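Visitor: Produce the complete structure using the sequences and hints provided.
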Amino acid sequence: MRKMYLHKKLFVLGLSATLVSSTFVACSGKSNNTNSISSDTIESTEISEDTNASESVYAKVQSVDGNSITAIKGNLNTDVGANATPPSGDASTPPEKPADNGTDNSGSAPSGDASTPPERPTDNGTDSSGNAPSGDASTPPEKPTDNGTDNSGNAPSGMPSRNPGGGTTFVEGTDTITFTVTDDTAITVDFLQGSEEGSLDNITVNSVLELTLDENNNATSIVVKNLQSGGGFGGSSTVTNGTSANTIELDSEIADEKYTSTGDDENALRVDGATVRLDGITVEKTGGKSSNTENGDFYGQNAGLLALNGATVSIDNATVNTTAVNGNGVFSYGEGTTVNISNSTIRTTNNNSGGIQTTGGGTTNATNLDVQTEGNSAAAIRSDRGGGNVTVTGGSYVTNGTGSPAIYSTANIGVSDATLNANNSEAVVVEGKNSVSLTNCNLTGNMTGTYQEGEENIHCVMIYQSMSGDAALGDASFTMNGGSLTSKNGDLFYVTNTNCDITLSDVSLTLANDNLLTVAGNDSSRGWGTKGSNGGTVNFVAESQTMEGNIICDSISTLNMTMKDRTNFKGTINTTGAAGTVSVTIDADSTWALTGDSYVTSFNGDLTSVNTNGYHLYVNGEQVA
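In full-length UniProt numbering, the protein residues as written are 1 to 625.
Bear in mind the hints are in silico, worked out from the structure with no lab data behind them.
Incorrect hints may have been included.
[To be verified] Quick list of the computed label-pair ranges, beta carbon to beta carbon:
| id | residue 1 | residue 2 | range |
| --- | --- | --- | --- |
| 1 | Asp65 | Ser484 | 41 to 47 Å |
| 2 | Ser484 | Gln623 | 32 to 38 Å |
| 3 | Asn75 | Ser583 | 39 to 45 Å |
| 4 | Ala186 | Ala245 | 44 to 50 Å |
| 5 | Gly361 | Ser484 | 30 to 36 Å |
| 6 | Asn611 | Ser484 | 22 to 28 Å |
| 7 | Asn317 | Glu196 | 41 to 47 Å |
| 8 | Ser68 | His616 | 35 to 41 Å |
| 9 | Ser199 | Thr591 | 36 to 42 Å |
| 10 | Gly66 | His616 | 32 to 38 Å |
| 11 | Glu622 | Ser555 | 17 to 23 Å |
[As the list claims (entries may be wrong)] Pairs of lysine-lysine residues, derived as DSSO-like cross-links and limited to a Cα-Cα distance of at most 30 Å, are as follows:
| id | residue 1 | residue 2 |
| --- | --- | --- |
| 12 | Lys564 | Lys433 |
| 13 | Lys433 | Lys488 |
| 14 | Lys564 | Lys488 |
| 15 | Lys289 | Lys258 |
| 16 | Lys488 | Lys570 |
Note that the structure is a prediction, hence the values are computed from the model and not measured.
Just so you know, even glycine gets a beta-carbon here, dropped at the ideal spot from N, CA and C.
Guide: Shown next, in the form of structure tokens:
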């Protein structure tokens with residue numbers, strides 16, 4: 001996952017635009033230029049004289065009122081990068097993925113910073129020594145060199161670099177336009193790679209649009225632009241699986257065989273389109289460079305065992321060891337491909353080397369596995385572009401690198417009765433329209449630092465949208481029933497630049513600090529939306545749940561919180577003052593004990609369920625308890 005973030009990427013729906021006078025687009029904020037709007041604002045029934053019907057124009061959104069949008073016109077200016085101003089870090093922003101090309105894959109640096117959901121570096125893997133990362137886990141990784149000659153893992157494996165070699169900025173004009181979005185308006189959202197059909201919800205304040213209007217000032221087409229630098233992704237638009245030292249193409253039952261590889265871009269074992277049962281096998285990928293990290297992250301190049309082209313592979317009592325970059329242990333790629341693996345041990349030691357990896361719509365079913373990874377951007381349960389379906393039952397999943405959560409989801413992942421420990425990273429990351437569902441699991445995260453010099457949010461569970469194109473736009477989901485969730489550092493939950501549902505039921509929660517949930521925007525330096533309009537929207541349901549801590553919802557975010565079925569909450573919501581849109585619903589069997597003043601937008605329930613403890617509850621600024 002280039003994500004960091006987690007291998008990926010380190011990217012809710014607005015896209016970054018920066019004024020010429022502001023800093024480089026990757027980290028731009030709102031402009032302080034209040035004189036840029038012409039007094040000759042055009043009404044919704046007319047268009048400025050220099051805007052002809054059917055002519056494409058660029059504009060930056062200033063307000064959205066239903067389907068009526070007001071924007072200031074301007075132009076796009078491309079900076080090739082030499083003089084681009086580096087982005088400044090914002091504590092509220094999780095790290096993004098740098099695009100270094102990684103000619104050194106020693107594993108010394110994180111492929112997706114611990115504070116950041118890891119992204120995958122696009123290093124070419126010229127060093128596959130497999131050395132585990134060195135240094136103090138609390139020290140944020142150094143940023144890769146501008147020319148990408150060092151791929152030590154400093155950068156998340158899928159994100160654009162923090163100081164990419166150029167970008168595009170929006171230059172404001174003097175005219176504003178007000179136009180209407182209709183049911184016939186074609187809306188497209190640009191990503192760093194590719195685009196996707198969008199909707200009116202994707203257009204927010206500060207979004208930069210390329211639009212075409214008809215004679216009635218209705219928008220016929222709108223492209224929500226992504227002005228982030230591409231960061232030199234490595235060009236993985238073409239499926240490249242590499243080669244294989246051993247390939248099984250016929251239906252077979254095989255026992256006690258050993259498969260090895262030391263070749264570049266080479267699998268130790270590949271099952272191609274066949275139905276195969278493997279019992280007691282050993283797979284060793286002990287060398288071989290990866291020429292393109294994203295080919296490894298997306299398509300299984302350099303993995304230990306790769307199943308593809310509709311193969312069905314049943315594996316039992318196997319031992320899989322890899323030491324190469326992109327040495328994912330067992331990889332299921334493509335629709336129709338299914339890997340069933342049980343009672344097996346997987347060990348990976350280098351960067352971008354997950355335990356079990358699923359992409360391109362593949363399926364993985366894992367039972368009673370013992371998985372441990374050492375590198376950065378090396379989630380134990382890992383998915384990437386194209387996602388798929390992953391079901392895990394029992395077993396132990398441990399990661400030791402930065403940007404290496406126990407679970408990184410761009411798929412639908414369900415885990416039950418398992419132990420999941422991320423010793424140097426957040427515990428779980430969900431990106432985009434994807435899900436993680438946990439039942440009776442013991443989950444622990446320990447994000448020990450932030451990416452580079454920034455002070456990004458530290459957290460245990462992160463839910464976000466990277467805008468990298470690896471995860472579809474839409475609502476994410478995190479559900480946990482029973483078991484335990486422990487944060488050893490940072491907020492328990494952090495949501496930015498996406499919409500999501502969080503459901504907790506009878507989970508034992510242990511917080512590292514006083515923050516139960518933070519829903520907030522980020523500084524957009526990693527491409528995660530546009531600063532000022534990239535907050536989160538969370539539907540948080542607690543059922544039969546005991547929990548305590550503070551909840552923060554910033555001014556550009558929304559929280560709908562429901563407490564039911566004997567839920568007991570001890571804590572605050574926005575204790576420093578009103579912000580965002582916060583709705584609280586509590587049933588007669590649940591309670592809320594205040595530990596400080598709390599500010600919400602609406603309250604649904606009986607106020608006798610609220611124990612003020614001498615503090616006050618404010619609803620729309622009015623003290624009600």
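Visitor: Please write out, lowest number first, the hints stated earlier that are contradicted by the structure.
Guide: none
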